[in-house]
Every structure is written in C-alpha cells, then in structure tokens.
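Chemist: Those protein sequence lines, which keep their order, are chains A and B. FYI, in full-length UniProt numbering the residues of the first sequence are 1 to 405. FYI, in full-length UniProt numbering the residues of the second sequence are 1 to 405.
Wrong hints could be hidden among the right ones.
Using 30 Å as the maximum straight-line C-alpha spacing, the simulated DSSO-like pairs for lysine-lysine come out as follows [claimed, not checked]:
| hint | chain 1 | residue 1 | chain 2 | residue 2 |
| --- | --- | --- | --- | --- |
| 1 | B | K320 | A | K284 |
| 2 | A | K259 | B | K259 |
| 3 | A | K259 | A | K284 |
| 4 | A | K320 | B | K259 |
| 5 | B | K259 | B | K284 |
| 6 | A | K320 | B | K284 |
| 7 | A | K259 | B | K320 |
Heads up, incomplete: computed chain A residues facing chain B, CB under 10 Å, no partners named [claimed, not checked]:
| hint | residue |
| --- | --- |
| 8 | I155 |
| 9 | R205 |
| 10 | A220 |
| 11 | L235 |
The set of hints was computed from the structure by calculation and includes no laboratory data. Note that the structure is predicted; figures quoted are calculated from it, not measured. Backbone N, C-alpha and C define an ideal beta-carbon position, used for all residues, glycine too.
2 protein chains.
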Amino acid sequence: MSGGREAGRQVRLGICGLGRAFMLMLPTFRRDARFRLVAAATPGEAGRARFVRDFGGRAYATMAELCADPEVEAIYVASPHQFHAEQVAQAAAAGKHLLVEKPLAVSLEDGKAMVAAAETAGIHLIVGPSHSFDRPVLEARALIDSGAVGRVRMIQALNYTDFLYRPRRPEELVTAEGGGVVFSQAVHQIDVVRLLGGGLVRSVRAMTGDWDPERPTEGAYALLLDFEDGAFASLTYSGYARFDSDELMGWFGELGSRKSPAGYGRARRALRGLASAAEEAALKRTRTYGGSGGGGAGDREPPLPAAHEHFGFLLASCEKADLRPLPDRLLVYGDEAIEERPIPAPEVPRREVMDELWAAVVEDRAPLHSGAWGLASLEVCHGILRSAAERREIMMTLQVPYRGE
Amino acid sequence: MSGGREAGRQVRLGICGLGRAFMLMLPTFRRDARFRLVAAATPGEAGRARFVRDFGGRAYATMAELCADPEVEAIYVASPHQFHAEQVAQAAAAGKHLLVEKPLAVSLEDGKAMVAAAETAGIHLIVGPSHSFDRPVLEARALIDSGAVGRVRMIQALNYTDFLYRPRRPEELVTAEGGGVVFSQAVHQIDVVRLLGGGLVRSVRAMTGDWDPERPTEGAYALLLDFEDGAFASLTYSGYARFDSDELMGWFGELGSRKSPAGYGRARRALRGLASAAEEAALKRTRTYGGSGGGGAGDREPPLPAAHEHFGFLLASCEKADLRPLPDRLLVYGDEAIEERPIPAPEVPRREVMDELWAAVVEDRAPLHSGAWGLASLEVCHGILRSAAERREIMMTLQVPYRGE
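Only chain A is shown next, with the shape it has when bound in the complex (with noise of 0.2 Å):
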C-alpha cells in the first residue's frame, strides 16, 4: 500500500453478487480502509436491503445499472462462476476495473473474451481471491525472488477438504456447468502451484476421480505439471470428506482459523438431514449475505482468524532448500538446519489481494493475477478434464510467465 501522494484517498467499490464469496470477503472490506463499498447488484431484495442498512451505498437489481453508476471505480464480480463472462464484459464496457472470482470464467472461450475486454477497455482485470494470495505462499515466492534458495525444482500440493458435501446447489455438481472440484477447487491450487513454479506450465497429466453416485461430478483428483524449465508438480486432492490434510497444517482450516479434528464427518452428517436437493441449496442461501433475514447464521461474520488463509499442504523443493509455507510461518528446510520465519496474522484477512486491486486502479500498475494469469490456470483446469478423459498428456498453450517485483 502507498499512503503519501495518495493519503486519503479511497477506490469506490461495488459488488457483483452477494452470495457466499462477498461473504467470506466481509472481513477484508469492512476492515481495508482503502476501499468503500458504494453499490452493489443482486437479485435478492433480502441481500439488497442489508447491503444499504450495512454499507449506506446503492443495491440494484441488475449489473447494468451497477455498471451505470458513475462512482463505481472497480467492481468485485462475486456471482457464480458462469455469469462472469457477461458481467466482465458488460463492466468493461463501462471502465469499470474488475476484480473477479475465481475461476476467471467455465469455458476458455469466456476467458479468452474476457481477457480480450479488459485489453480493449483499458482497465484492469484481477483474477481472485485465490490461495495464491495467501501471505505464507507469497513469502515463499519473495524468497525465492531473493535467490537464497536457487530455482523451484519440485513441487508438492495436496489437500484433503470435505468439499463436495459442502451444501451446494444443483449446479455446482454439474461438471459442465462449472461444478465439481476442478474449476473451484483445482483453480487455487494450480493458482498457487503455478505462482512458486514460474507460470509456464508446458503439459498436464491428470487423473480425476467421479466417486459418489449421489454427488456426480468430479470429487478428487491427481495430476503433475511438466513446467517448460524443468521443473515439476504434483497436484492432489479430495473433497470426500475423509481424511483431513489441515492435519498437516497445525490444525489451522482453510480459512486461518484454528479447527478441531473433533468435528470430523459433521459436513455429510449435516447433509444427510436434508431431503432434496432444493433442500440443500436452501440451505446453502442461509449462507450468503442476508440469506437468512438477519441475526441468523448467514448473517455473522467470520472472526479474525488467527492465522493466515492455506490450501493444504504445500512444499516447493528448490536447489538450496524445501519451503513448506505454513499458516503462521514459512519453515524453510536448509542443508544443516530448518529455520521458522514467523508470519503475524492477519490483520486485515485477504489484504493481499486488496493491495493488487489497489495498485491497479490507483497506481495503474498491472496485476500479477491478471485475466491472462486466470485464464491460463483456467487452461490447467481444462487440461485435467482432457487428460482424465482421454488418458493422455495434455499440452498447454495459454501459459504466461510469473513476473516478480
């Protein structure tokens, strides 16, 4: 963040969707003074009357008329991954700088257009929040840019999450539709992969695993990275709800806070009360910002977490040394010693990405998650699907290199 020439001023945001991701980024605005929630756009009246009681701004029905307001700056698109395309397009088309979920889009045609958009615009497209944010990842990454511990040469990720029994609705568990675990899941941590790897990934052979009879899209997943300079990857993950990877993260949950292992099977426990799927996705609406009509579940706010956000376990062997980023440290793994770089916690959760979106829109200076960087995660994610389905090697050709400071 740059104070000085800049004291004072503000970026004035609005919202796409107020659904369960702005939820999990109300911590990250109500506590970045940089920025200032103005409007937003929702279907829901529900959503649209606490947006003003909460923020004092204007709640449209519609993203045209968020796109029409003049003092938006940037808009946060927060709406299910499959209307990102035509959001970003209807945004860019106003100057409106964006900050959009990931996955950037489903298809890589919306992603190539999206991209294309924002480039003929002129505004600033930022792929995110996405782990690759995560302040222990990017540690990793700065030394790694410091040369301390020679080139990335192996890369390990693997995280066990009970994903798939998360109340969903229908259409998060249609593949073609966005659903299953590659495009939500599979996106962090080829994000993150990619990031501490150098960006240019040159194949993908990938295995997906389609489990669950009742939940049929893709559950789980392995896959290595081939990356252009040599270096390699190996990708795993389940979201059956099983065994639990944040045991190898000092028992700190996805999103910083400290979890206990007592809570295991509650995810399918709570599901299996439900009796249809309009049940679950009911379910579901209680949590996304004023889903529940207030003072319900939907509407607390995640507490400060006492460490930083992760994505399972992650360990990027390099010439010199293995970094295994943790939530609250970087342990760095040398030749005679392992040395513990303590990470404060967050004071504002998701800073990281607030500080991207700040240099873009104030600074004008251009993100390292741009829509290009987006889209070629989102090429990995395609990749998979391919791989999977063909038994084949799958290469790739959207790649963009990592560009450090």
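Chain B: place on chain A using the hints.
Modeler: Chain B alone, transformed into the frame defined by chain A:
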C-alpha cells in the same frame, strides 16, 4: 505360518552377500526359528569369519560354492543389484529357492532372464524384502480384500528422506549401474502402491530431479500411475535430506524405530567430513556385517523396533473410506468416524517376508512377490526414467495382477 505337519521343520538358508542388506535382515534371522542360516558366500574374509562364528555354518568366497552346498534349500541374494542376474541363474540351476533383494535386477532383460530361469528350474523366486511386506500395508490390503471399503480409487504416497546423503559406494550414484533413488527407493513405493492398487499399471508419467552436482544421479521424482481399472496413484520422493516426511508417520523412522527431529542435517554433516569417494565407500563398509572387525558400529545389531517399518506417507482412498497405514496402526477414515486399528509391534521384524518364503519352500505356495511381480515393479522404474527423459507418458507391458488370498 503353518505349524502342525511341519512342526520342527526348519528351512536351511544360504546367504549371498553380507553387506548392508544382510545387516538389516539380521534381527529377522536371529528371531525367526523357522529358518536356520547354514552357509554364506561373500568376498570379504572378515564377513566370512564372523558368519561362521555367529551361525556355525559354512562361509564361501564364491556363489558357485554356496550353490553347490547340498544342505542349502534357499538362498537370500543380498548382493548389490548388478550381481543379481548372474547369481540367480547359478542358484536356480542348482535348484535353490530364492529370496532376492529388490530391485529384482537393474535391466529388464536381466529381470526377464531371471524369471525364466526360476520357471525353468521349477524353483520359487521371491523379490524382497520391500516395504510392500510391511504389516500395516498388508492390513490395509486385507481390509480392501474383505470388500468393506469398496474399490481402491486413488493412492497418495510420498517420502522425503536423506537417502542420497547416506554413505555410498561409487556405483550407487550411477544410474546406469542401478544407482540413484529410482532403482533403490522408487521400487519400494511402486511395490506398495501396486499392491494396494491391484498391480496392473497401465501407464507411467514421471519427472525426476538430479539437483546436486556432487551426487549426479536421480535424487527425487514425482509420478502418476494410471491403473487399468481406472484407479490412479501419485508418488513423490526426495532423497535430498531436507523436509523429512517421517514427521507425518508419528516420528517413526523407516525401520520402525522412534526417531528424533533433532537429528536434522546429520547425514549431510557426516558426509562433509569425508575427503573422497573412497573414504565414503570405506565408511559404508563399516556398516556391513563384520565390516568394522568386531565391536564397532558395524557390528551393532539394530534393536527390536517399536513399530513396523514404513516407506513414508501413504493414503489409499477407497469408495467407502480412506486407509492410512501408520507404523503402529491402520487409520480407517469412514463417513462419520475415524476407526483406529492398532497394530502391535513386531516380535520378529519382517516376519511377513519370511512367511512368504516359508510358504513357498515348505508348502510350495506361489508367492505374491514373485519374480513376475518384481519384474512388473522394475518395469515401472524404467518407465520413470524413460518418461522423465522423453517427457512423455510410457505405457506398461509387463504388469501382473495382485492376487489376494
């Protein structure tokens, strides 16, 4: 083990090679009363003298003499990899059953010849010990065989050790001679994963790391195995002595003994004091049987371990549970709860290897870890090297299925 009919029966064993591998089997041989060591062959005079002192048998300078010993029923071939083929041919021709150290051989041609030689001679050939004999792995396999957890769908195996910095003979750092982690270490992991995955690997995609110019061979790898039936496995290994995955195994070391994290960096430090490859090879010799001439470190027999051996983190995701073998228990991650199945410490380490040898020699039962099985694992090792060199997926042609009891 069968008692009954065969009460009092002992299998008369000959040993070919009194090096490090034999040292690691000593606790087994000393405790398993079903076997008697009656002869050995080794070029080193000190080893021969000690063998006769310890076991009262005969010690020969050559394998030919050992094969000609009429009392010997079976031979444990514990020589360096590159000698296996010739020695197995000799022993098979002499009608001796064989327990051959992994890997079966270095080249596939040698491996095929050995399998053929055993078949022609009508003797049993077992490839072992390897970590796929580890009790916790076998318990996981038995649970799968019971049908209680559905089919195996995805396996994760990772191991980070100090392998590359343990004292080595020069050829152990030359890939073409069977050096590096692929022949000595991957073969363990592959054996374990093939056992759980059903044996029939369809293809291998792998990358290898060769990152220390002082020890120019493969020190790390990551690979994906695609099984014929759609199951898949991700295997990762690093022998570069940084992150130590024994942390994920309750700080039990590979041989089942308790281990202190405070030993970090020890392997590299010990090597640093050596002036040459010759000095290093000499240090390794002190770790062989009779190597230090009595009373030295080489003579110390490892104490009975506190738990079972292991080869790093292992998780088999099945349709109805994730199975996680640990040195002292098997964790079964079910839908609602984690079931913990304690596994008592071994009274005879590696008894499972001797069970298979006993059943083959005494009961004429075809071993699970047959020559064909070991050849299939060796094929995957070669697949790793080829896949890494050619940067593409390699199809397998020599695989054999796991056959349960």
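Chemist: Taking the hints in turn, state whether each one holds.
Modeler: To see whether the hints hold, each was checked on the structure:
no., hint, in the structure
1, B:K320 x A:K284, "holds, 26 Å"
2, A:K259 x B:K259, "holds, 28 Å"
3, A:K259 x A:K284, "holds, 21 Å"
4, A:K320 x B:K259, "holds, 24 Å"
5, B:K259 x B:K284, "holds, 21 Å"
6, A:K320 x B:K284, "holds, 26 Å"
7, A:K259 x B:K320, "holds, 24 Å"
8, I155, "holds, 9 Å"
9, R205, "holds, 4 Å"
10, A220, "holds, 6 Å"
11, L235, "holds, 8 Å"
Checked against the numbered hints listed earlier, the structure breaks none of them; every hint is satisfied.
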